[in-house]
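Based on these hints, arrange chain R on the given structure of chain L.
For reference, the chains in residue letters:
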Amino acid sequence: MKALAIIFLALVGTLILDGPIQSYADPQLDALLQIATQARENLRMNISQINNVSDEITNLFKQGSNETDALSNAIDAKDVASARQHFLSAMNFFKATNDKINSLNATQVNDQQQTDTLQLQSEISRIEKIGEMLKTISITNHASLDFTQFEQLIQKAKQDLDNGNTSEASKSIGEANSIVIDAHHSLTEVAKQRTSERAKDFTEQQIERLDKIENTTKNSITQPPKVLPTTRTISNFTSYENPKDVVTKLKKLAAEGKVDEALKMIKSFEAYQKEK
Amino acid sequence: MPQEYQVIEAPEVLPEGMIFVRINCILTAMVRAPVIAACFILLTLSAFVQCAVGSPKILDFTIYTDGTSHVFYQTDVDSQSPDSTVNLYGNSIENLVVQDENGTLLLSKVNENTTTVETLGSPTIKVDYDTPDLISKNGKTWTFHVNSPIDYSILLPKNSVIVGMSVSPLNMQIVDDQSLISLPSGSSEINYIIGVLGTSQTATLAIQQAQDFINTITSTGVQTPLSFAKLEEAKSDFNQGKYSDAESLANAAKSLALQEQQITNSVPKTSSDNLSTYLLIVGGIVAAGATGFIIMKRTSSSNTVTSSDITKNSYIAPDKETIYKLKPELRQDDKDIVAFISEKGGQVFESDLRKKFLMPRTTMWRAVKRLEREDIIEIEKVDQQNLIKLKKTQEDEK
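Residue numbers (my numbering), protein chains in the order written: chain L, 1 to 276; chain R, 1 to 398.
Pulled out of the complex, with its shape left as it was, chain L reads as follows (with noise of 0.2 Å):
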């Protein structure tokens, strides 16, 4: 009785310690605090420069402060829970104060150019990191697809737009992203080409582990046929019952070379197998 009460003590033990480990899945209190005050200096900032501020606005904007107050304390109490209530709830309360101040549109529009510099410096960033895909994908495939021109108009973009030469940035990028898209276009016939030599490979596979479980089948001993519910046939003469037949019937589409007819079959009898 002694040895089972110090087991018993030593699950207690563990189920204890397991308590810490499940803490890791609480949110970060820090990254809400940061988020959640981040928030409130934009939104401080973006309400200074409104003229006449409705007390709708003022109030909504007080009640997320006062949460990120109470978040904050609440981080000093280590009260996750509670951290997490008023994290929840300065944000709603400053998204709807976001909302309101849009619906005045009484802050300062954009910039033009700035806005015009943002996108194309997005649309750069995004392009490029397609184009990188790209490359590492046609040097792991052997494609052999030539990238020169695509980083030297990534690089030409990128100095256009230091220049504040967004016109010339956008027709750079522009050809940045046909390249892009023929690159895209040629993997894909890579791709193509590819499929057809592991799509037989692949069969051949399938039919090695059919036939592997076919001669392990007849090895054992022999058991009472299973009743199913339903019986489904391949073709007239072929039968998911039997994998002796399936095994037969994809070496002979295998011969024939109509892999496509042998991927068909491996995948209804793959799913048939799992509806058995």
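Treat the hints with care, since some could be wrong.
Unchecked claim - A few chain L residues facing chain R, derived, Cβ under 10 Å:
# : residue
1 : 35
2 : 72
3 : 133
4 : 262
It is worth saying that the hints were derived from the structure and are not from the lab. Note that beta-carbon positions come from the ideal geometry of N, C-alpha and C, so glycine has one too.
Chain R only, in chain L's frame:
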């Protein structure tokens, strides 16, 4: 209706095959208690096992300022099936690329918001695409909305500030001036604004950090008039909307505070101070020696391995630059992890990574598994700890 059990006096001669059991002793008599205990232990450990051997899926969103989202999705598929269908987020899909775990391009066909991929035996697929459908705009406010079946991460554009959020994030960090937020599964909405306030986000952060640092060293008795004045300038510039200047000034204030701390520490102390310092040092050495002796005595039979011990063996760390070259698509936070492991001789414990990057266990585990899938690292169990090793690349082996 509760059943009642009575104690039955067993007859002296029982018929063959009959056993009388007292119901209050059934646990110890019929099912052995250690077996129950073992079951409980297994149940308790099952959570860890599930975490360790489960196939985590990855879902990352990168948001661009033009309202496009780049989606990266990694999932396990049935390797016995010739094709697999996976869900896509959004209906308008651009630049769709599907690869297997080795980076081999796979053929795929988009059907509305799903794609059928010819996996042909691949156990894992990686899906990359762009979609404008996850983001809407109202006035200056952008709204990202997604309903995810798994935990996911979202990388917001530079100079963006969150002004609304419908769920509590799991984590947040700044990567290359961009907010990288981990969010829990389920429906979530993030409202953010871009551009108008420039770098106010980073300026706020810099001011906060400088303020915290100055407060910390001031509380230890260090006088910080210069750094305090600089910080006030930073705040003033911030209030005038000069965010870049405010950020620079805040960083300068932090550097000044550091200098002020160093100057204060370098000033010669009084003899009484010195005496107490010496006493403290000697006391510390004695205490450390005694503690060390006790620990050595107690743990003489166990082999505790530390990162520094491990680096002494013949393992030669692969070059991080070679890894970056071979894997240019690596995320910045993954590159940082690789750089740290490389600096530590090519192998560190996972716990060291968590300490360095201040990440929760689950986040770090996902990052480590991601690098393992990329074939950059390998995980070894050393003294029940995960030892993360950079794998040798083909170029390194040459």
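Here's how the hints hold up against the structure:
Interface restraint check for residue 35 of chain L: the shortest CB-CB distance to chain R comes to about 5 Å, inside 10 Å, so the restraint holds. The interface hint given for residue 72 of chain L is violated, since its Cβ lies 12 Å from the closest Cβ of chain R, which is over the 10 Å cut-off. The interface hint given for residue 133 of chain L holds, since its Cβ lies 5 Å from the closest Cβ of chain R, which is under the 10 Å cut-off. Hint on residue 262 of chain L holds. Least Cβ distance to chain R is approximately 9 Å, under the 10 Å limit.
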